[in-house]
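Colleague: Sequence:
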Amino acid sequence: MREFRPTPPTGGSEPEDPWALQPERRQAPSGPPTWGASSGYAHPQGTTVLVLGILSVVVMPLLGPFAWAMGHRALKEVDRSGVPATNRSMLVGGMVTGIVGTVFLVLGTLGFLAFMGLFITSTATVTG
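Going letter by letter, the sequence shown gives residues 1 to 128 in the numbering used here.
To be clear, the hints were calculated from the coordinates, so they are not data collected in a lab.
Any given hint could be a false lead.
Claimed, not checked - Now the in silico label distances, taken between C-beta atoms and shown as ranges:
#: 1; residue 1: 120; residue 2: 77; range: 20 to 28 angstroms
#: 2; residue 1: 83; residue 2: 110; range: 19 to 27 angstroms
#: 3; residue 1: 76; residue 2: 51; range: 18 to 26 angstroms
#: 4; residue 1: 84; residue 2: 118; range: 47 to 55 angstroms
#: 5; residue 1: 121; residue 2: 59; range: 12 to 20 angstroms
#: 6; residue 1: 120; residue 2: 84; range: 27 to 35 angstroms
#: 7; residue 1: 108; residue 2: 81; range: 35 to 43 angstroms
#: 8; residue 1: 80; residue 2: 113; range: 37 to 45 angstroms
#: 9; residue 1: 73; residue 2: 122; range: 41 to 49 angstroms
#: 10; residue 1: 114; residue 2: 73; range: 27 to 35 angstroms
Glycine residues also receive a C-beta, built at the ideal position from the N, C-alpha and C atoms.
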């Protein structure tokens, strides 16, 4: 059987600190982006358009035309720039929900006018 003999420490009574050695820094890979990496930019109004569109459908249809117009303008900017936007789907979704909110606004306005017309004609026949 072999006898265990520890190696004597170098440079003093303390063993070498393994954390004192600096690992070699690797450089970032160059070339085309890898799978799953974003290649483009995020349009700054993407979140705003989506939030306005969702709010126009759920809470306040008055925001629908604003979401529609802002989404349309932002999509035109993205198409003109030539650089793909990473949040294009947010812009499209916000614009579409803005269109739906605008339709709700128009239907609500027409319903309100029809109700007021019926109310006015019913009170005119009762009093007249």
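Colleague: With reference to the structure, classify each hint as holding or not holding.
Modeller: Okay, the hints, checked on the actual structure:
1. 120 x 77: 20 to 28 angstroms: violated, 46 angstroms
2. 83 x 110: 19 to 27 angstroms: violated, 42 angstroms
3. 76 x 51: 18 to 26 angstroms: holds, 20 angstroms
4. 84 x 118: 47 to 55 angstroms: Holds, at about 52 angstroms.
5. 121 x 59: 12 to 20 angstroms: violated, 32 angstroms
6. 120 x 84: 27 to 35 angstroms: For residue 84 against residue 120, whose Cβ atoms are near 54 angstroms apart, the range 27 to 35 angstroms is violated.
7. 108 x 81: 35 to 43 angstroms: holds, 37 angstroms
8. 80 x 113: 37 to 45 angstroms: holds, 40 angstroms
9. 73 x 122: 41 to 49 angstroms: Once the Cβ atoms are compared, 45 angstroms apart, the range 41 to 49 angstroms for residue 122 and residue 73 holds.
10. 114 x 73: 27 to 35 angstroms: holds, 33 angstroms
Hint violations for this structure: numbers 1, 2, 5 and 6, all remaining hints satisfied.
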